[in-house]
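Trainee: The numbering used here applies: residue 85 is where the sequence shown begins, and numbers increase by one.
Simulated from the structure, these hints should not be mistaken for lab results.
Some hints here could point you the wrong way.
As the list claims (entries may be wrong) - In silico BS3-like pairs for lysine-lysine, Cα to Cα no more than 27 Å straight-line:
1) K166 - K131
2) K113 - K166
3) K167 - K101
4) K94 - K109
5) K166 - K109
6) K101 - K160
7) K166 - K205
8) K176 - K166
9) K113 - K205
10) K167 - K109
11) K94 - K160
12) K101 - K205
13) K94 - K113
14) K101 - K113
15) K131 - K101
16) K113 - K131
17) K94 - K205
18) K166 - K101
19) K131 - K109
20) K167 - K94
21) K160 - K176
Remember, predicted model here, so these are calculated numbers, not experimental data.
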Amino acid sequence: EQPVNDEVVKGANNRIKNLMAYANKNGIKADLFMATEAGLTNQINNKWGNVNYAVVVDANNNFSFGTSAIFPIPEKYVDEIKKQSLSVVMDKLFAEQNSGQNVGGIRHLTNGAFTRIDLVKQAFTMALTTTNNVWKDNL
């Protein structure tokens with residue numbers, strides 16, 4: 085199943101909590117813990133799109149978040165994506181296998197300008213903006 089709206093945020097938050105619990109249990113220290121989740125949202129203009137949501141927690145337990153660019157999802161694919169996943173639908177459309185584990189269908193939609201990895205990188209980059217002390221100190 086594809087996460088939708090608040091489930092995207094909850095998914096990333098659960099991943100970061102689980103990661104931090106695992107690190108704590110196993111004596112792993114880190115300056116930053118990072119997690120991401122991708123899913124559908126219709127919270128902008130009531131139109132469907134795909135977004136990557138990233139969370140970052142530093143060693144002092146300061147929390148930050150960021151998102152990727154959102155690309156539109158045609159209404160006719162939304163129900164199928166919700167039931168399966170975006171990658172399954174993209175694999176069918178573009179005759180690929182496991183595109184969600186690789187560069188993603190977005191590579192086809194943008195003629196190679198963006199990949200799934202680029203979208204994840206955008207989300208983490210936005211989340212990391214609070215590591216700048218000037219910005220963080222004024223939140």
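Trainee: Does K109 lie within 27 Å of K166 when you go C-alpha to C-alpha?
Mentor: violated (34 Å)
Trainee: Between the alpha carbons of K94 and K109, is the straight-line distance 27 Å or under?
Mentor: Answer holds: K94 to K109 is near 22 Å, not above 27 Å.
Trainee: Is K166 within 27 Å of K131, Cα to Cα?
Mentor: Answer holds: K166 to K131 is near 15 Å, not above 27 Å.
Trainee: Is K101 within 27 Å of K160, Cα to Cα?
Mentor: Between K101 and K160 the Cα gap is close to 35 Å, so the pair fails against 27 Å, i.e. violated.
Trainee: Would you mind confirming whether the straight-line C-alpha gap from K101 to K113 stays at or under 27 Å?
Mentor: Holds - the C-alpha atoms of K113 and K101 are around 14 Å apart, at most 27 Å.
Trainee: Sort out whether K205 lies within 27 Å of K101, counting only the CA atoms.
Mentor: holds (20 Å)
Trainee: Verify the proposed pairing of K131 with K101, using a straight-line Cα cut of 27 Å.
Mentor: Not satisfied, since the Cα-Cα distance of roughly 30 Å exceeds 27 Å.
Trainee: Hint check: K167 vs K101, CA-CA at most 27 Å. Holds or violated?
Mentor: Distance ~26 Å between K167 and K101 Cα, so the pair holds.
Trainee: Run the distance test for K176 versus K166: straight-line Cα separation, threshold 27 Å.
Mentor: This hinted pair holds, its Cα atoms lying about 15 Å apart.
Trainee: Verify the proposed pairing of K166 with K101, using a straight-line Cα cut of 27 Å.
Mentor: Answer holds: K166 to K101 is near 25 Å, not above 27 Å.
Trainee: Mind checking the alpha carbons of K131 and K109 for me, to see if they're no more than 27 Å apart?
Mentor: violated (42 Å)
Trainee: K166 and K205 were given as a pair; does the straight-line alpha-carbon distance stay at or below 27 Å?
Mentor: Distance ~24 Å between K166 and K205 Cα, so the pair holds.
The structure does not agree with the numbered hints 2, 5, 6, 10, 15, 16 and 19 stated previously, though it agrees with the rest.
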